[in-house]
Every structure is written in structure tokens, then in C-alpha cells.
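One-letter residues, chain by chain:
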Amino acid sequence: MAQVKYVSASRVYAKDAPPAVSALDLDIKDGEFMVLVGPSGSGKTTALRMLAGLEPLDGGRVEIGDRDVTFVPPKDRDIAMVFQNYALYPQKTVAENMGFALKMAGVHKDERARRVREAARLLDLDDQLLTRKPKALSGGQRQRVAMGRAIVREPKVFLMDEPLSNLDAKLRVQTRSQIAELQRRLGITTVYVTHDQVEAMTMGHRVAVLAGGLLQQVDTPRHLYDNPVNQFVAGFIGSPAMNLQTVPLTEGGARIAGTTLPLPAAVRTAASQAGLRELVLGIRPEHLHVANGSGELTGPGNLAGSRALAGEVLLVEELGADALLHVRLAESGDSVVARTEGRVSLAPGQKVTFHVRPEDVFAFHPETGARLAG
Amino acid sequence: MTATAVPARPVKDREPGPQKLREMSRQVGWGVLAWVVGIAFFLPVLWMVLTAFKPESAAQTWPPRFAFSPTLAEFRLVFSGWGPFVTHSVIATVGSTVLVLLLGVPASYALSVHPVKNWRDGLFFFISTKMLPIVAAIGPLYVIALKAHLLDSIWLLIILYTAMNLPLAIWMIRSFMLEVPRELLEAARLDGAGRIREISGVILPIISPGLVSTALICVIFAWNELFLALNLTVTNAATMPMFLISSVPQEGLYLAHLSAAATVASIPVILVGWIAQRSLVRGLSMGAIK
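As given, the protein sequences belong to chains A and B, one line each in that order. Mapping to the numbering used here: the first sequence position 53 is 53, numbers consecutive. Mapping to the numbering used here: the second sequence position 193 is 193, numbers consecutive.
Think of the hints as simulated: they come from the structure by calculation, not from any bench. Wrong hints could be hidden among the right ones.
[Said to hold, decoys possible] Simulated crosslink set (DSBU-like; lysine-lysine; CA at most 30 Å straight-line):
id: 1; chain 1: A; residue 1: LYS29; chain 2: A; residue 2: LYS92
id: 2; chain 1: A; residue 1: LYS170; chain 2: A; residue 2: LYS135
id: 3; chain 1: B; residue 1: LYS117; chain 2: A; residue 2: LYS15
id: 4; chain 1: A; residue 1: LYS135; chain 2: A; residue 2: LYS103
id: 5; chain 1: A; residue 1: LYS75; chain 2: B; residue 2: LYS117
id: 6; chain 1: A; residue 1: LYS75; chain 2: A; residue 2: LYS170
[Said to hold, decoys possible] Quick list of simulated restraints, FRET-style, between CB atoms:
id: 7; chain 1: B; residue 1: VAL281; chain 2: A; residue 2: ALA17; range: 40 to 46 Å
id: 8; chain 1: B; residue 1: SER266; chain 2: A; residue 2: ALA105; range: 41 to 47 Å
id: 9; chain 1: A; residue 1: ARG114; chain 2: B; residue 2: VAL90; range: 47 to 53 Å
id: 10; chain 1: A; residue 1: ARG121; chain 2: B; residue 2: VAL116; range: 43 to 49 Å
All residues carry an ideal CB built from backbone N, CA and C; glycine is no exception.
So that you can see chain A by itself, here it is in the shape it has in the complex (with noise of 0.2 Å):
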């Protein structure tokens, strides 16, 4: 049982680069779920491999469990890691796979032999295959290997470096759940590293965005969709992505399509202050209410005090469930993907209106990307 601590941890590649990753500073709680998550270069690997001991920090400190192991090789760590390509010994069969990090350990045969039937039966590898090489096995199966060696060594930390990205997406969906149950019910601590914003809301219980090397924010998934602390975080959580749109502010708000949306005190404050002439306003997909030719609403009932921007459809992508419409809106000319629910029956070319909360908006400072109060 562990927590595990970054202290202003800096990786510095080359010399005159930017650092890899920039003075991070990370709590993760014992048994905590904890997603790195960002856009390939934002540092997330890199942040792992620290904790890994795989790459050597070059400021701050890595804690695990209240011990420092800034300079403690990566087999003293007490952690497992979880490869992307999953790091198999080819010439070892999947028992022997599982088993290496307790023989390097020196446990005894039986004792490793128990540990390995065991994990294997928490993953439903078949005992069968416990003879294999890791070639005669399927994708999926090799994941679970790969889970396998790392659940043995029955380790204070669990590290996974995208360990779905090979998988197909039916597949990905499946194990997703399956790494998070198992998580759940093994209670070890784990830092999982993706660039898929959907693994990052769905598995962690908290989610760490990463970008450029800074840490962004830390939040809860649902926490940190409702309220993005910059620009990059709303854009990145979500999907289809936040509609962010730069708009010129006037007197009652901000001008978007053929109307003013009235913008809160404190933002029409923090704005002025900054002496903004324009702002980036954020609007999710689903905030776009989507009224159909009589003016009716499609969307939820309670849309009082919204309001109404106007557009052309160019686009619409039927899902099933629900709908995206990609519109041109009105004056700037700009295209948004809005979500509708239900069927709607528009085509390409026609005349739409959305209907806009205020209180659903989001705006953010245009240079700095900071979310204006609000």
C-alpha cells in the first residue's frame, strides 16, 4: 500500500530544449487510479518512466510510499510496469513471462508456481496457456500476460504506459473496464498513462491532463469536464471537443452569430481588467440546442433565459443514438459540431438555430488560454 508523491520532478532531455517534464508536482493517493493524460510530446511517458526509474529525474523527487526513490534503481522500487507493446520475453513461455520477476527475486518454484496459476485465474488465462510463447497467443491474450507479469509481482505500484493502444477497438473497450474493475478490486495503487481522453474519463478515478511538459490540471473526470481550468483542457476532455470560438465582447457580452450572449459579472470583470477586446468562448457540443424548422426545441425543456445562434448545416453525422451536426454559423462563418439527441431530420445546406445557455458557457482568456472566472 502506497502513495505516490511527485516533487517538483523535472526531465530535461537536451540542454537548450524545453524540459520533457517541467517541475511536477503530483499526489497520488494510496490505491488511487490516476491518469496521465495528454497529446503525444506532453511529458506523460516521461513523468511515468521517472517513477519507473527507467529515466533519471534531473530536479525534484519521486516518493513512493513516503520513501524517496530519486536514485533507487528501478527492481528496488517496488513497482510493475505494464508495457505498450507489452515487452514479452519472446523465447520464455507465458508462465516463465510471469513468473521472471519472482525468480530474479529468488522466491521458491512452488511459491511462484502458486503466485502465476493465481494470476492467471484473475485474468481467465487458460492454464494451457500458461505453456505458450508469447507468438503462439493473440493480441488480447498477450495484454493479459503483460497484466499477468505485472499483478505477480504483487507490487506497491502499478505503472501502464498505454497498454491498450494495440488492441482493436472492441477489444479496447472490453479490457478498459476489465483493467479498472481489477484495479478496484486489487486496491494497488496505479498511474496509467494514455493519450485517449475517453480511457482517461472512463478508468481514473482522478485524471491528470498533461501538456507540453506542464501539468494542467488535476481533477476528477467528471470534475474536470465541468470545469476546465485552461483552453487545452476543455478542448482535449471530450468527445467530439469543446467548440471554442474567438469572439469580439460588446457592451451586454460576447457577439457570436448573430447574437449577444450575455456573459457573467465576473468574466465581463476579469476580461475588462485584462482590457480584452475579444475572448474564446467554449460551448460542448451537447449545449448547442439544436430547434427544428417550427422553432421547436429537441433538446431538454428547461432552456429559459437561452440564446438563439443562428447557422447553416454543412454536415451531419448519424451515430444512432444521437446526431453531429456540423454547422456554419452565422457572421464569423465558423463551424461547430453540435450533439443532438434522438434523430433529427436536417440535411446539408439548411437553416438551423441553436439555443445557448449562458451559464453553459465557457470563456477563456485568447493569449493565455486561462478559463476567465466564472
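Got chain A sorted already, so can you dock chain B onto it with the hints?
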């Protein structure tokens, strides 16, 4: 469940279109070329083997006669005299190859997986030893061997053949080691494997086809080496290529005898190559296969 649509079966085209014809003629062209080149390489070997079975008198005729009464006389002669030579060759070849692998694996490891400081210089040094023609070094080598009382000694050949093959082997083994996925080595480190375990338990099993092909090339080079053996040995360490030379008498006919000796001398290399051809191909093209 309702009836499912039956996918349309693709219509088999009877007549090959012009596209297909061009493709076929290209294939035939390459095939012919391959055969021509293959035969060009193989003919001298065939001639050698045929000549080995001829009596000495028939071997010298021009144009060569393909109808003759085969005889094993020349082979009998070869086998009566080759004993010490083949023993020396086997000892020098096997001994040097084993040494090359023993030295080459750790050296390659230190130049690839965990590169030492200035590994580039090290790598360049090894290959630079192959840049000087061996003739230029034979004088000093002779003197050193003389002073060390190693002239005409099998130990001298083992040492020299090791030195001769080591640079190439290091370059080959190193390139195989670089192919080992980094994550695998990291996984081994996390699993608590030390350096020795990392090499013996993880790296060596993966690069074993590469090691086989490296060893094979060392065997071929050592087995066929003539220059050093000729200059530094006389009888106590004379190898098979020396035996071939000794098959050429000062006067008289020798072509059949030489052919028989050469045939015998080639057999081990061909045999080893044939046995190891699968791992040889895999080893030499290791980078291509993932």
C-alpha cells in the same frame, strides 16, 4: 434471422490480360537472369568436382571431356595425406570462433545496449584494424611470433584468427543487439535482472540466429585463411589451404589431385552453411523481420 445476402463471387478471368502478360514476361526474364548468374557461379565448382573424379591424364584435356571413367584415386591420395592439416584447421577455426563469440558478445553489449563512454571511438577502432592490408602487418607479426616462440604454433593461428574476425563479429553482433526492443531490456531491469541475466536470459536467446550467422562467417573466414598460415606456419600448424598448395607438385600433372583436395576442403564450409542456412538468412536479414 432473415436471409443474408450472398456475396457476389468474383469472376475468374480465363485469358490473361496484357497487364498480366507483361507481369509474367517480367517474371520469366528475372528467372532466366537468375539461372544464368547461378550457373555462372556454379560452373567452376562443378568443374572442380568433376575434375576431382577424373584420372590425372583426363583432367588436363582441352576442351574438357565430360565422358570419362570416374575414379576415386585422387580422393584416396588426399585422404592419405590430409590428417594433420585438417586437424589444425579444425582446431584453429573452432578455437578462434569460440573466442570471437566469447569476446564479441560482451564487447558488442558495451557498444550498443549500455554504451560505454566514447563508444563511437571504440567502434571505429575495431573496424579500423581491418583497413590496413594484412600484408603490411606480416613483418611485425612475424617478428612478434618469433620472439614469443609462437611460430608454427596452432596457438598463434587461434590468436590471429580471433583478432582477424573479432571486428566484423562485433559489428554484426552489435547490430543484432540494437534490434532487441528497448522495452524488453527495460522490462528485464524492472524484473530485477542484472547485467549477466540481461545478456544470458533476454538478449542472447533473441539474437541467437544472428550469433549463428556471425559464427558461421567466422568459421568460413578462418577455414579459408591462407596468407597468415602460409607465412607463419610450416608443419606443426599448417592448415587445409596449406594442404591445397602442397598438392601442387614441382613437376608433373596435378589438376585432378588439386581438385579433389579443394573439393574435400570445401565440404565442411558447404555443410555448415547448409545446416545453418535458415538461421543465416534470418540472421543476415534480422532487421527486416519484426
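Run the structure past the numbered hints and jot down the numbers of the failing ones, going up. Violated hints: 1, 6, 8; rest satisfied.
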